[in-house]
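*Asks:* As you go down the protein sequences, you meet chains A, B and C in turn.
The opening residue of the first sequence carries number 135 in the working numbering; numbering runs sequentially from there.
The opening residue of the second sequence carries number 135 in the working numbering; numbering runs sequentially from there.
The opening residue of the third sequence carries number 135 in the working numbering; numbering runs sequentially from there.
Hint data in this document are derived by calculation from the structure and do not stem from the laboratory.
Hints are not guaranteed to be accurate.
Copies of the same chain are indistinguishable here, so a pair counts whether it falls within one copy or spans any two.
What the hints assert, rightly or not - Derived DSS-like pairs (lysine-lysine); straight-line CA-CA distance at most 27 Å:
id : residue 1 : residue 2
1  : K167      : K244
2  : K214      : K267
3  : K232      : K197
4  : K244      : K232
Just so we're clear, the structure is a prediction, and the values are computed from it rather than from any experiment.
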Amino acid sequence: MRIPCLAFLAAVAAALAFVAPLAAAQAGGAANKVVLQVSDSDPAKWNLALNNARNIQTDLGEKNVEIEIVAYGPGIGMLKLDSPVASRLDEAIASGVKVAACENTMRGQKLARADMLPNLEYVPAGVTEIMKKQQQGWSYIRP
Amino acid sequence: MRIPCLAFLAAVAAALAFVAPLAAAQAGGAANKVVLQVSDSDPAKWNLALNNARNIQTDLGEKNVEIEIVAYGPGIGMLKLDSPVASRLDEAIASGVKVAACENTMRGQKLARADMLPNLEYVPAGVTEIMKKQQQGWSYIRP
Amino acid sequence: MRIPCLAFLAAVAAALAFVAPLAAAQAGGAANKVVLQVSDSDPAKWNLALNNARNIQTDLGEKNVEIEIVAYGPGIGMLKLDSPVASRLDEAIASGVKVAACENTMRGQKLARADMLPNLEYVPAGVTEIMKKQQQGWSYIRP
Numbered sequence: 135m136r137i138p139c140l141a142f143l144a145a146v147a148a149a150l151a152f153v154a155p156l157a158a159a160q161a162g163g164a165a166n167k168v169v170l171q172v173s174d175s176d177p178a179k180w181n182l183a184l185n186n187a188r189n190i191q192t193d194l195g196e197k198n199v200e201i202e203i204v205a206y207g208p209g210i211g212m213l214k215l216d217s218p219v220a221s222r223l224d225e226a227i228a229s230g231v232k233v234a235a236c237e238n239t240m241r242g243q244k245l246a247r248a249d250m251l252p253n254l255e256y257v258p259a260g261v262t263e264i265m266k267k268q269q270q271g272w273s274y275i276r277p
Numbered sequence: 135m136r137i138p139c140l141a142f143l144a145a146v147a148a149a150l151a152f153v154a155p156l157a158a159a160q161a162g163g164a165a166n167k168v169v170l171q172v173s174d175s176d177p178a179k180w181n182l183a184l185n186n187a188r189n190i191q192t193d194l195g196e197k198n199v200e201i202e203i204v205a206y207g208p209g210i211g212m213l214k215l216d217s218p219v220a221s222r223l224d225e226a227i228a229s230g231v232k233v234a235a236c237e238n239t240m241r242g243q244k245l246a247r248a249d250m251l252p253n254l255e256y257v258p259a260g261v262t263e264i265m266k267k268q269q270q271g272w273s274y275i276r277p
Numbered sequence: 135m136r137i138p139c140l141a142f143l144a145a146v147a148a149a150l151a152f153v154a155p156l157a158a159a160q161a162g163g164a165a166n167k168v169v170l171q172v173s174d175s176d177p178a179k180w181n182l183a184l185n186n187a188r189n190i191q192t193d194l195g196e197k198n199v200e201i202e203i204v205a206y207g208p209g210i211g212m213l214k215l216d217s218p219v220a221s222r223l224d225e226a227i228a229s230g231v232k233v234a235a236c237e238n239t240m241r242g243q244k245l246a247r248a249d250m251l252p253n254l255e256y257v258p259a260g261v262t263e264i265m266k267k268q269q270q271g272w273s274y275i276r277p
C-alpha cells in the first residue's frame with residue numbers, strides 16, 4: 135500500500151515542478167523584462183524612452199532587468215547616424231540595453247545598415263518583435 | 135499494487151492535460167493575437183496603425199494572427215465616412231482585420247452608425263475592449 | 135487498493151487547487167485591474183485618461199475594477215496644484231481611482247509634495263510601477 139502512495143506523491147511533485155515554472159515563464163516570472171516602443175519622430179520622446187530605461191535600471195539594478203528599445207515607423211530616426219541622442223544610445227547599449235531597428239521601416243525609408251548607428255540589433259518587423267516579447271511575458275511601455 | 139499506480143499516472147496526465155492549455159490560453163498561447171489602439175486624431179497615426187497591421191500579417195502570415203484595431207476618443211475620426219484612410223480600412227477588413235468603433239465615443243460626438251464606414255464592429259467602450267483582450271492574452275500595441 | 139487511489143485523487147485535487155489560482159493571479163484572474171499611463175504634457179491627454187477611467191468604471195462597475203493612473207515625465211503636470219484637471223482628479227480619486235506621481239520626475243523638475251495636488255500616491259519610478267503592475271497581471275492602457 136505504501137509504495138503507490140509514495141510514487142503518487144513523487145509524481146504530483148514532478149507535475150507541479152513542471153507546471154509552476156511554465157506558468158512563471160509565460161507570465162514574466164521573477165526576472166524583470168520590458169520592451170520600450172519608439173514610434174514617434176519626436177526627439178523628446180526618444181529622450182523620454184532613454185530616461186525610462188535608465189530609471190528602470192536605477193530602480194531595479196542593471197543586472198536584474200532586461201530592457202529592449204524597439205524603434206519603428208517614424209521612430210526610426212532615433213537610430214540613424216545623425217540621431218541627436220546617439221551618445222545617450224551608446225551609453226544605454228554599454229549598460230546592457232538592447233536597441234532594435236525595424237527592417238521593414240528601413241526598407242520603406244531606403245535606409246541601409248550603413249546609415250544607422252553601430253551596435254544595434256535588427257528585427258524583421260518592429261511591431262512583431264514587440265508582440266512576441268509580450269507573448270513571452272515581457273512588460274510593454276510606450277513612452 | 136500496479137493498478138493504483140497506473141490510475142495515478144493516468145490522473146497526473148489528465149491533470150497536466152487540463153492545466154497546460156489553461157495556462158497557454160491565459161498567457162496568449164500558440165495563436166498570435168494583437169489589439170491595436172487608435173486614440174489620436176492624427177491621420178499619420180491611422181496610417182501607422184494600418185501599416186502595423188499589414189506588417190504583422192506579412193511577418194506571421196494572415197492565417198496565423200488575429201488583429202483587432204480599436205478606435206476611441208479622438209481616434210474615432212479614423213472610422214467616419216469621410217475618413218482619409220477609408221480604402222485602406224476596406225482592404226484591412228477584407229484581409230481579416232477586425233476594426234471596432236467605441237460606442238461611448240460615438241455617443242459623446244453624436245455619431246450614428248450611418249455616419250460610420252461599413253463593416254465595422256461596435257463595442258460599448260473601446261478602452262474596456264482593449265483591457266479585456268489583454269486579460270485574454272492578446273498583445274497590445276499603441277502605435 | 136482503494137486507499138491509495140483515494141489518496142491519489144485527493145492529491146491531484148490539491149495540486150489543481152494550488153496551480154489554478156496561481157495561474158489566474160499571474161494572468162489577471164477574475165478581477166479587472168488596469169493601469170493608465172500619462173506621460174504627455176498635453177491636457178487633452180489628461181482628460182482622455184480621466185474619460186477612460188470613468189468609462190471603465192461605468193462599463194464594469196466601480197466595485198469590480200481597480201484603476202491606477204500613473205503620471206511621469208512630461209505628464210507630471212497633470213498632478214500639480216495648478217492642474218487644469220484638478221477637480222476631475224478629485225472626483226476620480228473619490229470614486230476609488232488611485233493616482234500616482236513619479237518621484238523620479240518630481241526630483242528632476244524640483245517638485246515637492248507641497249507643489250502637488252492632495253490625495254496622490256507616490257511611487258519611486260512611474261515606469262517601474264507600470265512594469266510591476268503588468269507583471270502582476272494588470273492590463274495596460276496608454277491613452
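*Asks:* Could you tell me which of the numbered hints above are not met by this structure, giving the numbers in increasing order?
*Replies:* 1
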